[in-house]
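These are the residues of each chain, in order.
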Amino acid sequence: MDFVGFLLTQSLNAFSQAAILFFIACGLTLIFGIMRIINFAHGSLFMLGAYVGFSTAAATGSFWLALIVAPIVVGAVGMAFEKLFLSRLYIRGDGGAYLMVTFGLAVIMGETIRLIWGPHPHGISTPDMLRGVVILLDQPFPKYRLFLIVFGLLAALGTWQFLERTRAGLLIRAVSQNAEMVQALGTDVQMVRTCVFGFGCAMAALGGVLAAPMVTAFLGMSASVIIDAFVIVIIGGMGSFLGSIIGSLLVAFAQVFGAYYFPNMALAIMYLLMLVILVVRPGGLLGKEE
Amino acid sequence: MNWKTGFVITAFVACLVPLVSPNYMMTVIIEALIFGLFAMSLDLLVGYTRLYSFGHVAAYGLGAYTSALLLLHFNLPLPIAIILAVAISMAIATPIAWVCTRTHGVSFAMLTLAFAQLGYAILYGFKDFTGGSNGLAGIPRPEGPFGLDFFQSKIGYFYMVLFCLLGSYLLCRALVNSPFGAVLAGIRENEPKTAALGYNTRAYKRIVAIAAYGFGALAGALYAPFAGFASPELFFWLISGTVLIMVIVGGSGTLIGPIIGGVFFLMLENQLSEVTSLWPLIFGSIFIAFVMFAPQGIWGLLTARFTKPPVQPGSDRDGEAARAHS
Amino acid sequence: MTKKSKMILPGMTRRQIVKAGLAASVVAAAPGYMRTAGAATPIKIGIPTVITGGYAVLGSHVMRTAKLVKKMKDASGGVLGRPIEFLFKDTQGKPADCVRKCQELVERDDCRIFTGVVVSSEARAIMPKLDEWNSFFISHGNGDGRLTAELLVPNFFRANTSAPMGARTLALFLKNAEQNDFYAIGSDYAWGHSSVGAFETQIQNVGKNFAGKVFAPVGNKDYSTYITKIMQSNAQGCYVALQGDEGRAFYSQAQQYGLASRVTMVTEIVAQANIRALGKDSVGLTGSSRYPFTYDIPENKAFVQRFTEEYPGELPDWSDGEIMQALDILFTAMEKADSTDAKKIVAAMEDLEVTSVKGATLMRKCDHQGQNQGFVVRVSESPDYSEPIPKILEIYKREDVTPKCNSTEYDT
Amino acid sequence: MPILECTGLTRRFGALVAVDAVDMAVEPGEIRAVIGPNGAGKSTLFNVITGVLAPSAGRARFMDETITGLPVEQVAQKGIARTFQLTHLFPELSARDNARIAAQARLPGRMKLIGGASVIAQSVERAEQALDRLHLSRFADVPANMLSHGDQRLLEIAMAVAQAPRLLMLDEPTQGLSIEETDRAVEILREMLADGDLTVILVEHDMEVVFKLAHRITVLHQGRVIADDVPEKVKANDEVQRAYLGGFE
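Heads up: the sequence lines are chains A, B, C and D, in that order.
Count along the first sequence from 1, add 2, and you get the number used in my numbering.
Count along the second sequence from 1, add 12, and you get the number used in my numbering.
Count along the third sequence from 1, add 20, and you get the number used in my numbering.
Count along the fourth sequence from 1, add 75, and you get the number used in my numbering.
In case anyone wonders, no lab produced these hints; they're calculated from the structure.
Mixed in with the good hints there might be a few duds.
A short, non-exhaustive set of chain B residues, derived as facing chain C with CB atoms under 10 angstroms [stated by the list, open to error]:
(1) P34
(2) M37
(3) E43
(4) F138
(5) F141
(6) P204
(7) A215
(8) Y235
(9) L246
(10) P292
With a straight-line cut-off of 30 angstroms between C-alpha atoms, the simulated BS3-like cross-links for lysine-lysine are [said to hold, decoys possible]:
(11) C:K64 / C:K300
(12) C:K228 / B:K139
(13) C:K356 / C:K300
(14) C:K300 / C:K321
(15) C:K64 / B:K166
(16) C:K363 / B:K166
(17) C:K300 / C:K91
(18) C:K385 / C:K356
(19) C:K364 / C:K87
(20) C:K249 / A:K145
(21) D:K308 / B:K16
(22) C:K64 / C:K424
(23) B:K139 / C:K424
(24) D:K308 / D:K287
(25) C:K424 / C:K87
(26) C:K411 / C:K300
(27) C:K364 / B:K166
(28) C:K363 / C:K411
(29) C:K417 / C:K249
(30) A:K145 / C:K424
(31) C:K300 / C:K364
(32) B:K139 / C:K249
(33) C:K300 / C:K93
(34) C:K249 / C:K300
(35) C:K195 / C:K424
(36) C:K321 / C:K363
(37) C:K93 / C:K424
Using N, Cα and C, we set each Cβ at its ideal position, and we do this for glycine too.
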């Protein structure tokens, strides 16, 4: 294949991968922005999303319904967890507590999924209208990945506009700036936190459903994804939404092209990138150092 | 200084363990002690300097692999190999510490994580040297120096590990109670103020980070020859998370707490997984329960009824005290 | 003083320390009560396998078939007239845990026979210890070719088809294929390297051209780059040594790329778990199979029938068949040795031939490798089953499939 | 000769000139007050001298050494101790330990990794003297964050004293204190300074406090020095009167 075609295909590969990564990372970073916690359970919520999506698709035969149901279910789970546990810890405000609670949740979730769905993997087949390929510069490219790119783009724009333009978005940014102040102004900060946490979990679930047709739903999927999400959030800057977009793109490109040119060092490249950025900007690209 | 009596009693009790515990328990007990040592090394950072390291597994893996390679390629006497492994690990840790201590808080956590993951990736990068995913198997425990070979038996190894653990505890305790340790507490509480008092805080952070790596590496260096192999799992980032949990569950900033936390949880996991495959559920619940109901950790619980509540300021200013609190 | 303020000048009471001492000893003693007692008479067989964690699916196969075997054996009077007791231990796929669990099995339960180990790095970790433990370990699924070559230890046998054997089988199958250039992708760990390495030499032995290879990191999830590489290689065929999660991810994405329409893919292991997860996308998938449950001999038919009765809705996967064969061989050797002693079993198993669910298998004396037949299958839909199944295309003689002694090489 | 000498010390934030070519000389044993309306640049001057901020121009010499451009900790090591406008303490440590860490700051053995019992004993002794000088001994074991605001301010001064500095720089020690607390603090300060072994620079806008304590007063206005004289003269100075809307009633 000629070089241009190659570049195009690889870039599109990277964009489609970035799309999935974005769904996990943006939730993680929003949650951090609002409550200054690193949600260890985020990968498990991503996994839960995939499994719920599978069951929905299996029951209704509709991938699209799965895209709607999974985020709702997982978002609800997230909000419940926030209300039950996290909300009681804010006054304490020590990082260790959050780490343990979310870590505990991750362990419990993984095990619960094994008990409910069994150890076997479950596939969500690509919806028929997204099967097959389109030919770009006489290179075949999967329709499904194009769909991911578009869907990811829309989600990113939507969330961004929501944060920038709407009153709720303003509120969220305000809370991440100075929760006490917002509280003092008579807004129910606790409510905002619960909602944002739920939203973050819902986004992760979306990512899970979208990933399922490419990797199927299986027990190991949480661990492999959470670490990428960490790296992205750190590169972009903890709590920075735009940062999570940029981070997703950087990591995706690093992985796609890294795997092509340095297959032996495929793993290392992402972390080298992260190191370099952190050394230059300890707070991440768009973040301020905590 | 009644803690000394306590220490002696504890050490004595520990020495009796092989006599009372069945032989099959010794394996897990030894690993538990090693893990306790590992957790304690992290407490230097987390509990005393409030530097949350997310990549402390790097210290463990580094120690394990260096000792493994030394033993496999040079057939050194075991104690020598372990000491060398610690030294080399600390040498490698020096530049890492230098970079990481430029930051604090979340950035520090993530920088350490990045370095740990880099190490993990490098294991796969240099297969011929590290064995890649196979790891290194068949690590010997050569005898000597002076024909010492007690550590070739399991009981003997127990005493060697116990010696290292108790020794490291004394060192760490001395460290945190030394003038140096006082400065660490200052950095933990208020770094800018500590600098304003005339301390070069970065130098202190660097030193404590290297020390923490050293003790962590010791744990790893003890593990590899005991298990007889080293594999990338010893470098897996999840262990960093687990050990951090052990420190907090045990009671951070107490040295003893993390040891108990590490020992307790490794044994608990091992025994629970014997009786039920649901053990992860129980495990996760325990974590959450601790955060919710016993934030002070195991050691906190054990000592709670002995420590007096803080002396209250004179009643005339209780109101202000309350205000100062909020 | 508060806890924190104590840190600088901790003043600890004797009682606190004593308490700590007690605590420590209690922790040390406690598990004693929890310990699971084992009866004396039964034959204990340790199965340190993956019950929780990523590889749990492979462990679950081992356990379900082992339980079935126990039922069948105990019903037919057991082994050496003694009932069988399987001791399942959760290693989570971690070598560290695997070694510890085995050590405990030896020292606590005096259990010195192991099988059912899932991950090859686990197998590697325990093999050097077998002698010290005076224990016997028969592999049911560890593929790394070197286990019966440079890494071989006396108390180890491998009943199952190894990675080189799988590759060899495919090479033989492809000998007369119309494709001429072959590319290879493997997972970046022992089994993957072993498979790809073997395929590289084998495919050239049968006079084809090897166009290149690439290894994807363990746990890799996005295979787009590798698919691009495969397409760039312009090979007509591609050999795929990706298992489990990685295999499914690769095939799902290859399917989305329509890769099959340009490149004929042959896979190292065809697994029912993956077929089920991939659904109709798996149809047409061709590859070597360590055990196709559709193999039509009485021994296998009986097993499959018994299996489906026991586990309605399930079909035996390759690991079910392999553990079944491994156990058959083990029991036959025990009967022959009339003992459960490691050394005696080893002696009895050397050059032992057993006909099990995979047909007649010979446990070679020279390198303790089981000579298995080689199966090549194609996944097809079938009226009798709700999901696609492997249809056997070719079966190759065990002599042609098994490498030279103590080696991963072949003569021709 | 002066112990501290600032010549043309200047600090700009973009267009704003917070400290504008300040010349100031402080003699040993002197208690110097730096006053001026809010935004006059008092705290900025402090931060420039102590190395928290780098000067845009000019330099500060301390004991005949240029200290401008040195990092904070090295300035402190020269023997300059300071307090902050907003209290800076080690909240969860006891008052004694707060002072002790300060006392240790300039002891040779401060970096002893192991042991160092003598260093500890010495610093504890110094700490307790300092606490005593600021009437805080009875709170020695109380965590700093449990103290009243007033005592927290005093504790920070105690820490500065415990550093055994040649020059003590206090940034609004009575800031945010009630009238009674202020009077008490001033009493304690006066008593402490009476020994005369300390050179002090004091930023304060409470005139009462200034005239009770200071030997000499420097008046800043919009970053510039508009007066530098003994209290009585400064009181009389018209420019000061004008600068200080309201003047001193």
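Each hint tested on the structure:
1. Using the Cβ-Cβ criterion of 10 angstroms, the hint placing P34 (chain B) at the interface with chain C is satisfied: the shortest such distance is roughly 7 angstroms.
2. For the restraint placing M37 (chain B) at the interface with chain C, the shortest Cβ-Cβ distance is roughly 7 angstroms, inside the 10 angstroms limit, so the hint holds.
3. With 10 angstroms as the threshold, the beta carbon of E43 (chain B) comes within range of chain C, its nearest partner Cβ sitting at about 6 angstroms, so the hint holds.
4. Of the supplied interface hints, the one on F138 (chain B) is violated, with its beta-carbon coming no nearer than about 13 angstroms to a beta-carbon of chain C, more than 10 angstroms.
5. Contact between F141 (chain B) and chain C, as hinted, is not supported at the beta carbon level, the nearest pair being about 15 angstroms apart and thus beyond 10 angstroms.
6. A distance limit of 10 angstroms between C-beta atoms decides the matter here; for P204 (chain B) the minimum to chain C is near 18 angstroms, and the interface restraint is violated.
7. The interface hint given for A215 (chain B) is broken, as the beta carbon of that residue sits about 19 angstroms from the closest beta carbon of chain C, more than 10 angstroms.
8. A distance limit of 10 angstroms between C-beta atoms decides the matter here; for Y235 (chain B) the minimum to chain C is near 8 angstroms, and the interface restraint holds.
9. At a threshold of 10 angstroms, the smallest CB-CB gap from L246 (chain B) to chain C is about 7 angstroms, leaving the interface hint in force.
10. Using the Cβ-Cβ criterion of 10 angstroms, the hint placing P292 (chain B) at the interface with chain C is satisfied: the shortest such distance is roughly 6 angstroms.
11. For a cut-off of 30 angstroms, the pair hint linking K64 (chain C) to K300 (chain C) is broken: about 42 angstroms separates their Cα positions.
12. Of the supplied pair hints, the one linking K228 (chain C) and K139 (chain B) holds, its CA atoms being roughly 29 angstroms apart against a limit of 30 angstroms.
13. A C-alpha spacing of about 46 angstroms is found between K356 (chain C) and K300 (chain C), which places the hinted pair above 30 angstroms, so the restraint is violated.
14. The suggested pairing of K300 (chain C) with K321 (chain C) holds, with an alpha-carbon distance near 25 angstroms, which does not exceed 30 angstroms.
15. In summary, the hint linking K64 (chain C) to K166 (chain B) is supported, as the alpha carbons are separated by about 24 angstroms, within the 30 angstroms threshold.
16. With a C-alpha separation of about 24 angstroms, the suggested pair K363 (chain C) and K166 (chain B) falls inside the 30 angstroms cut-off, and the hint holds.
17. Restraint check for K300 (chain C) and K91 (chain C): the C-alpha separation of about 35 angstroms exceeds 30 angstroms, so the hint is violated.
18. Distance check on the hinted pair: K385 (chain C) and K356 (chain C) sit about 15 angstroms apart at the alpha-carbon level, within 30 angstroms; holds.
19. Of the pairs offered as hints, the one joining K364 (chain C) and K87 (chain C) holds, with about 25 angstroms between alpha carbons and a cut-off of 30 angstroms not exceeded.
20. Taking the CA atoms of K249 (chain C) and K145 (chain A), the gap is near 19 angstroms; set against the 30 angstroms cutoff, the hint holds.
21. Under the criterion of a C-alpha separation no larger than 30 angstroms, the hint pairing K308 (chain D) with K16 (chain B) is inconsistent with the structure, at around 65 angstroms.
22. Under the criterion of a C-alpha separation no larger than 30 angstroms, the hint pairing K64 (chain C) with K424 (chain C) is inconsistent with the structure, at around 34 angstroms.
23. Note on K139 (chain B) and K424 (chain C): the hinted pairing holds, with a Cα-Cα distance of about 26 angstroms set against a maximum of 30 angstroms.
24. Taking the CA atoms of K308 (chain D) and K287 (chain D), the gap is near 15 angstroms; set against the 30 angstroms cutoff, the hint holds.
25. Of the supplied pair hints, the one linking K424 (chain C) and K87 (chain C) is violated, its CA atoms being roughly 35 angstroms apart against a limit of 30 angstroms.
26. Note on K411 (chain C) and K300 (chain C): the hinted pairing holds, with a Cα-Cα distance of about 15 angstroms set against a maximum of 30 angstroms.
27. Of the supplied pair hints, the one linking K364 (chain C) and K166 (chain B) holds, its CA atoms being roughly 27 angstroms apart against a limit of 30 angstroms.
28. About 40 angstroms separates the Cα atoms of K363 (chain C) and K411 (chain C), which puts this hinted pair outside 30 angstroms; it is violated.
29. As the CA atoms of K417 (chain C) and K249 (chain C) are separated by approximately 34 angstroms, the hinted pair breaks the 30 angstroms bound.
30. Our distance criterion of 30 angstroms between C-alpha atoms is broken by K145 (chain A) and K424 (chain C), whose separation comes to about 47 angstroms.
31. For the hint linking K300 (chain C) to K364 (chain C), the alpha-carbon distance of about 49 angstroms lies beyond 30 angstroms, and the restraint is violated.
32. Distance check on the hinted pair: K139 (chain B) and K249 (chain C) sit about 23 angstroms apart at the alpha-carbon level, within 30 angstroms; holds.
33. Under the criterion of a C-alpha separation no larger than 30 angstroms, the hint pairing K300 (chain C) with K93 (chain C) is inconsistent with the structure, at around 37 angstroms.
34. Our distance criterion of 30 angstroms between C-alpha atoms is met by K249 (chain C) and K300 (chain C), whose separation comes to about 26 angstroms.
35. The hinted pair formed by K195 (chain C) and K424 (chain C) meets the criterion: a straight-line CA distance of about 20 angstroms does not exceed 30 angstroms.
36. In summary, the hint linking K321 (chain C) to K363 (chain C) is not supported, as the alpha carbons are separated by about 33 angstroms, beyond the 30 angstroms threshold.
37. Only pairs whose Cα atoms come within 30 angstroms are accepted, and K93 (chain C) paired with K424 (chain C) is rejected, the gap being roughly 35 angstroms.
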